[in-house]
Amino acid sequence: MKRSLTFLLALSMMGASTACVRVVNNSQDRMIPPEIGQSLRSGRTTYSDVLVRLGPPSDIGNLAEGFFFRYRNTTSSGFQILARLHILVKFGVAFGGGDISTLLLYFDQDGVLDRWILDSYPEDLGWGYVAGHFGSPNPHLHFEFIPNPTGVHRWGMNLLERPFPQKQSSSAEN
Amino acid sequence: MRWFITLFMLISVCALTACSGSGRRVGIPNRWRSPDIQFTTNKTTEEDVLRILGPPSQIVAIHQRTVYFYVLEETSSLRLGLLIFAWSSFDVEYDRAIFFFDKNGRLEKYALSPKSLVYEDD
Chain P
15 MKRSLTFLLA
25 LSMMGASTAC
35 VRVVNNSQDR
45 MIPPEIGQSL
55 RSGRTTYSDV
65 LVRLGPPSDI
75 GNLAEGFFFR
85 YRNTTSSGFQ
95 ILARLHILVK
105 FGVAFGGGDI
115 STLLLYFDQD
125 GVLDRWILDS
135 YPEDLGWGYV
145 AGHFGSPNPH
155 LHFEFIPNPT
165 GVHRWGMNLL
175 ERPFPQKQSS
185 SAEN
Chain G
-18 MRWFITLFML
-8 ISVCALTACS
2 GSGRRVGIPN
12 RWRSPDIQFT
22 TNKTTEEDVL
32 RILGPPSQIV
42 AIHQRTVYFY
52 VLEETSSLRL
62 GLLIFAWSSF
72 DVEYDRAIFF
82 FDKNGRLEKY
92 ALSPKSLVYE
102 DD
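Heads up: the protein sequence lines correspond to chains P and G, in order.
Residue 15 is where the first sequence starts when you use my numbering, and the numbers rise one by one after that.
Residue -18 is where the second sequence starts when you use my numbering, and the numbers rise one by one after that.
These are computed hints drawn from the structure, not numbers from a lab.
Small disclaimer: the values here were computed from a predicted structure and weren't measured.
Even for Gly, the Cβ is constructed at its ideal location relative to N, Cα and C.
Be a bit skeptical, because a hint or two may be false.
Below, computed lysine to aspartate or glutamate pairings styled on EDC-like, alpha-carbon distance capped at 20 Å [said to hold, decoys possible]: (1) G:Lys90 x P:Asp73; (2) G:Lys84 x G:Glu28; (3) G:Lys84 x P:Asp124; (4) G:Lys96 x P:Glu49.
If you want the ones that stay clear, here's a sample from chain G, every Cβ over 10 Å from chain P, calculated [what the hints assert, rightly or not]: (5) Met(-18); (6) Cys0; (7) Arg5; (8) Ser15; (9) Asp17; (10) Phe20; (11) Asn23; (12) Thr25; (13) Thr26; (14) Ile33; (15) Pro36; (16) Ala42; (17) Arg46; (18) Lys84; (19) Pro95; (20) Tyr100.
All chains should be modelled from the sequences, with the hints used to inform the complete structure.
This is the structure we're talking about:
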């Protein structure tokens, strides 16, 4: 009887003191085939050719001298590990990353490809750790530190600083 | 007593394990996937498409062309929670149809997403 009680007590302690691992995966829209660039020819490829190869775009818009197609794909994943002793303390770390791929195609009024750009932005979602009093509703007993915040703000700034793609650059790649 | 402990452990493990999934659809029903519907270039008109598929998600006018853009979005998520390990995924997929009409309202070109969502006849 004493042995069984000890076993149950040990089991309860194990249940109360746990370490959790959490993995998260997100994706939005289909992948853009990286080799698509080899089949795009400025001045020759038509919007019809692009539709046959890739299907409808994520976005379409009107321009002063033509129109554009935009294909977009987003993936992200995260990992989190949390150790906790219920009602007492918890400690955990988390980090994640992602990738944003965009293919932008500009067509003239006749629907012929004028210029295009394919780019991928590896997105650092940052990492951080948490420590706190697990059961307390008091936020002062819960600390979160994010030494490396998500790079999305830096990405926005970089995007604004980036030079607009020139027609020659896409033509030169062909 | 041994069977009691075994039962207790089994119940504990089961109670601390969970699995869930969810999904939702937003947008225009993908009738363009119906095997009964066919679109023919230079023959199908804007009125035909509107009658069959209903109002589009987006209309764009581009230099003597009119574009009808139909979008159906499907979100699916799956979560698995074990005793000390949890996994989840969240996916968003689209089924799109795009129709280009010339200035006379005749179908010039159309395209469907390479990967279709399951067609649900409404």
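These are the hints, each one checked on the structure:
For a cut-off of 20 Å, the pair hint linking G:Lys90 to P:Asp73 stands: about 17 Å separates their Cα positions. In summary, the hint linking G:Lys84 to G:Glu28 is supported, as the alpha carbons are separated by about 13 Å, within the 20 Å threshold. Taking the CA atoms of G:Lys84 and P:Asp124, the gap is about 13 Å. The hint holds against a cut of 20 Å. Of the pairs offered as hints, the one joining G:Lys96 and P:Glu49 holds, with about 19 Å between alpha carbons and a cut-off of 20 Å not exceeded.
Taking the minimum C-beta to C-beta distance to chain P, about 5 Å, the non-interface status of G:Met(-18) is violated against the 10 Å cut. At roughly 15 Å, the least C-beta separation between G:Cys0 and chain P is larger than 10 Å, which holds for a residue marked as non-interface. The non-interface label for G:Arg5 is consistent with chain P: the shortest C-beta to C-beta separation is roughly 14 Å, beyond 10 Å. Residue placement check: G:Ser15 keeps its beta carbon more than 10 Å from all beta carbons of chain P (closest about 17 Å).
Annotated as non-interface, G:Asp17 keeps its C-beta farther than 10 Å from every C-beta of chain P; the closest such distance is 21 Å. No beta-carbon of chain P is positioned within 10 Å of the beta-carbon of G:Phe20; the least distance is around 13 Å. Residue placement check: G:Asn23 keeps its beta carbon more than 10 Å from all beta carbons of chain P (closest about 13 Å). With a least CB separation of 16 Å from chain P, G:Thr25 remains clear of the 10 Å interface cut-off, as annotated.
With a minimum CB-CB distance of about 19 Å to chain P, G:Thr26 clears the 10 Å threshold, and the non-interface call stands. The beta carbon of G:Ile33 is kept farther than 10 Å from every beta carbon of chain P, the shortest such distance being approximately 17 Å. No Cβ of chain P comes within 10 Å of the Cβ of G:Pro36; the nearest lies about 17 Å off, and the non-interface call holds. In this structure G:Ala42 is not separated from chain P by more than 10 Å, as the shortest Cβ-Cβ distance comes to only about 7 Å.
For G:Arg46, the shortest C-beta to C-beta distance to chain P comes to about 8 Å, within the 10 Å cut-off, and the non-interface label is violated. Residue placement check: G:Lys84 keeps its beta carbon more than 10 Å from all beta carbons of chain P (closest about 12 Å). Against the 10 Å criterion, G:Pro95 falls within the reach of chain P, whose nearest CB is about 5 Å from its own CB. No beta-carbon of chain P comes within 10 Å of the beta-carbon of G:Tyr100; the shortest separation is about 16 Å.
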